[in-house]
Structures are given as structure tokens and as C-alpha cells.
Amino acid sequence: MSVANQTEETSLSKNLDWDVLWERYGIAVVLIIGWIFAYFFVPKFSNPDNMLNVIRQSAFVGCAAVGMTVAIISGTFDLSVGSTLALSAYLGVMVVSRTENIPIAMLVTVLVAMAVGAVNGFLITRVKIPAFITTLGMLFIVRGLSFIISKGGEPVRYNGKAFTWWGNGSLFGIPTPFLVLVICALAAWFILTRTAFGRYVFSIGTNSNAAKVAGVPVDSTTSWIFIVVGLFTGVSAFLIGSRLYSAGPGLEPGFELNVIAAVVLGGTRLAGGRGSMLGTVAACILYATMGNVLNLLHADAFFQRVAVGLVLLLALSIEGIRQRMFERASRQISTAE
Amino acid sequence: MKKTMTKIWKSYSIGVVVVIVGIVLSLLTPRFMSMSNLLNVMTNASLVAIMGLGMTLAIASGNFDLSVGSTAALAGCISFSLVPSIGVPASIVAGLAAGAIVGFINGLIITELRVPAFIATLGMMTIIRGVALIYTDGKDLYLFGQTEYKILSGAYLFGIPTPIFFAVGIALLLGFVISQTRFGRHILAMGSNLSASERSGIPTSRVLWAIFSIVGATAALSGMIISSQVLTANGRLASGIELSAIAVVVLGGTALSGGQATMVGTLLGALLISMVNNGLNLLNVPIFYQELTVGVLMLGALAVNISQGFDIRSLFRRQA
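Just so you know, the sequences run in chain order A and B. Quick note on numbering: the numbering used here labels position 130 of the first sequence as 117, and the sequence is numbered without any gaps. To convert, count from 1 in the second sequence and add 40; that's the numbering used here.
To be clear, the hints were calculated from the coordinates, so they are not data collected in a lab. Check each hint, because a few of them may be wrong.
[Claimed, not checked] Calculated lysine to any residue pairs in the SDA-like style (CA-CA distance at most 25 Å, straight line):
#1 A:Lys199 - B:Asn233
#2 A:Lys115 - B:Leu283
#3 A:Lys199 - A:Ser304
[Claimed, not checked] Taking CB as the label site, the calculated pair distances span:
#4 A:Glu87 - B:Phe205: 56 to 62 Å
#5 B:Glu238 - A:Leu297: 26 to 32 Å
#6 A:Ser317 - B:Gln300: 33 to 39 Å
#7 B:Gly55 - A:Tyr12: 52 to 58 Å
Cβ atoms here follow ideal geometry from the backbone N, Cα and C, with glycine treated the same way.
Using the sequences and the hints given, assemble the complete structure.
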């Protein structure tokens, strides 16, 4: 009896360790193995230009995913990021095409996105509408707004070199968008792990009632979380506008779900309280790599969607399968007695 | 007394809003109240309402289904492609079966692989969309001369256009199921407290498979009706409709937290959105204002209605 209990306990703690390790570093390891395989077995992947292109591609979803990671760690998420992206990119490109002043365009893009985040935060914390519904409603409202502002959907264009460099250029040989992503991820990582705000985010995600009782300013932290999501979505919006030389109100439908998928694939839990910035960045690069490899192998564009979904389900089911195996094993131990 | 008043307001507020909006629109534009326009409004409402009704079951059990749009597309394409070989009735059944199978797979992923419903159906959303596009090779499927398929959208059953008939019929059926059957009580119990339901012996896995199969079948029906309207189906059908379906359910008064459901509310929610969009059309408001109204309606309704601990009458009672 006691022996059985002991084995059960030790195997339990072992199991947990593996799950935590998988959650934190699993995707990074999968990514490295994937790159090694692709480097040797996929023709043309090893071309430096191609590899740089992959990491460039990862940044456009990546910056928004960095912000979304913060939201998901705190136990909520933001469905309005796709619409926010379209609105802020549209306004940003419009400003740069009229003024040719890049800092102002950048500021407008980011501030518009942060303003949407502030409205989200207000509705959630003051009007007390659940975050899911608030951001779902804002998804429709903000998308509608960007169509109204553009009077029906004509994209704005601007192809000044200094502007398009942000999405298409390189600095020291590294694609600019990827550098921006790295800076975003480091900044968010610093905020999450080294500041009081970061500790509040984790504590709200773990148990928001307990956090409130312990004196965490839950409402103001939640408001700021949505502003932070807006900030990083604005960065993505600027990069995408620059990459495409243009922005229209119909930009990137379904963006919000891609972003959430990347964060979840990176090992951040939808239940909140746990998450990793490294995982999010690795997941974004992994998605970009998959798209690139499937392209190089001439896979059907439609098949890529299937592969993207399958990878998400596979990665997320590993923990559940391990849990089931563990339960079956412990049941066998107890019946063996 | 106060409690019952609040309860009555909560369950009928969407109906009151529908009536008020109806009166306002008929005053603003006389064309709104014409019989043909009203049937048009209700038909449009039915398209989202049918998959919304299935979604109501999922939300009542504390889950979501984000894959309904993709399922609708796949079912529409499968049934269209089968019409030449097996005829219209059998191909409609095949479409429904395809939807139910997709739903069943969703259920299996949730219970057997223990992936949260949100992520499981998010993954399936991209997978099934991809499958639908691969199946059709990205092309449009037409049914030239097969006007028999129009039975799903252009025909009348007992004097009612079929989409409306289906929407009301499914609402009555699922309303009966959720309030009068053991299966329905199991769904609500799971939505209220999953682990307690498990411990009290409810076969939660089987109930979940059934729920998601029903959601898949309703999504498939919606998809086939949409494609039968224009006798065209393709893999891009109904993209992004999943969030509209959830919006309709929430607008109708079903709480996202689970444990409670109102099928009539879902119908009325879909009707309200369809009415407002139609009214804006008749008033010559540009079409791109419609998305804005969906969001404003939803947040407006939620701000006064669903948000817990907020009593709308406090707005009218100053001195207290």
C-alpha cells in the first residue's frame, strides 16, 4: 500500500516536471529540430536569404502575439486585435502618405491601437461586461469603423523608401521586423518578470479573487493589460502596413485567432497564470517556418491550413495524453493490489 | 416580487427590444413592414440562427464551437458535389452527416485528448477550412439546372419559407430537449459545474459528443441553405461566421458562463441583427455600417442586461 503510494507520488512529481518543461521549452526544441531537418532535407531552405525571410515573416503576427501573451497570462484574451490592426494600420499609412513623416505615422498607429485597448479596458472594468463579449463586440465595431473611415474599403498606399524599410529592410543583415519583434518580446519579458505590474498579471491569471483580496489593483491592471495589447498590436500594424506598402480596412481577417493560436502553441495556458514569451516567439517562427517549408515543397496552399491546425492540436494534446496515460497507470497500480 | 420582475425583464428584454426596433423601423420606412420584406428579414435571420441554436447548446454546456463556419463550408461543398451521383435528398443527408461527424471529432478531441474546447475547435476551424478548400480544389461548385436543391432556401413548407421553418422548428425542438429531457438537464448541469456533474454520474463525455454532433449538424444545415440560395458552394463559404453565431447567442441572453440557455432568445437575437441591417439598407445607409451595428447592439444589450449586479431600473431611480 505504502509502496504503491510512493510510486504514485514520485511518478506524479516526475510527470509534472516533464509537463512544465514541455510547456516552457517544448516549442523551442521542436523549432530547433524542425530547422535542423529543414536545413538538410528541404531544398533551398538552407539559402540564407530564405531563412532570413522566414524570421522576417514571423514578426508580423509575432508582435501582436507578444501583447496577447500578456493578456492570456492574466486569464483573458482580446478578440478585437484583428480589427484594431486594420484600423490603426489604415490610419498610420494614411498619415504617412499625407505628411511623409514616419515618427508621427508610427505614433498615430500605436496610439490608435492603444486607444481601442483603453476602450476595451473601460468596458470590461467599469461597465463590467465580460472580456470575451467586450472584445467580440469591439471586433465588429472597430472593423466597421475602419470601413466607415475609408468610405467603403479603398486601401491607402505609400511607398516611400524610409517607410517601407521597416517592413522590408534589414539592419546589420537582420530583417528589421524581426529586430522589432525581439525588442518587443524582451520589453514584455522584462515587464512581466521584473516589475510589480508583471507580478499583478500573473497573480490575476492564477486566481483573480485571491489577487483582489491580497490588494492587487485588479481593475486598473486589467485596463493596462488591454492597453498593452493595443500597443503591441499597433507595432504589428505599422510593420504590416510598411511591408505591404498599403493598408485597407479589410486587412487580415481572422488575425485574432491566428495570434491566439500562436500564443497557445507557445505554451501559454488559456486558463491563465502561466506563460512564456520565449514560447510565443518560437511558435511564431515555427508557423512561419511551416508555411515556408510547405511552399518550398510545393504543397498545396490549402494543405497549409490543415497542417497549421494539426500542429496546434498535436502540441496541445500531448499534455492531455500524458495525463490520461498517467491516470491509467495509477489505476493499474491500485487494481494490482 | 422585485426578483421576479428582474427575472421577467431579463428573459423578455430581447423581445421588447425587437418590438421597439420593429416599430421604429416601420415608422422610419414604410417598406419595412411589407410582407415580402419581413419574410426576407426572417430568412436572413434564419441563416445565422440555425447554427446559433446549435451553438446555444454548446455555450449552455460551458463550451464554444469556433469551427462552425468551416463546417458549414465543408458540408455545403460535400452535398453539392454529391448531387449528380446520389440526388438531392440523399446529398442533403450526406451534408448533415458530414457536419455531425466533424462535430463528433471535435467532441473526441475535447474529451479524449483533453484539449480545451476553445483550442480544439480553433484548430479544427483551420483544418476543416483547409479540407473544404482541398476537396473543391479552391473552385466554385455550381448546380446548374438542379433547382431541386432550392428546396432548402426557396421553397415553402406549410406556407412558410423553408429556412424560417427550419429555424423555428429547430428552436422548438432544442428548446424542448434542453428543458424537458434528461439529456438537456445533463447539458445544463455540465455548464453549471462540470466536475460535480462528473461525480454525480453524468456520462459527460457522451453528452459532449452529442452536443458537438448537434452543433456540427446545425452548422451544416446553415451552410447548405446559404449555398442553396445562390446554387453555388465553395470552400470560402461562411468565413468568419463563427463569431457572428456566438454574438447572436449572447445577444439572445444565454450566459457565456454556461448552465443556462434560451433558444427563443437566440432566434430573437438573430432577428434583431437582421432587422437592423435590413432597416439600414432601406434607409440607404452604406453597407459597411452594418458590422458596426452588430457590435454596438451586442455591447449595448450586454451593458444593460447580462452584466451581473447591474439593475437597469437604477437608471430611472434617482432618489433611492
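Task: Indices of hints not satisfied (ascending) - done: The structure conflicts with hint 3 only, although it agrees with all the remaining ones.
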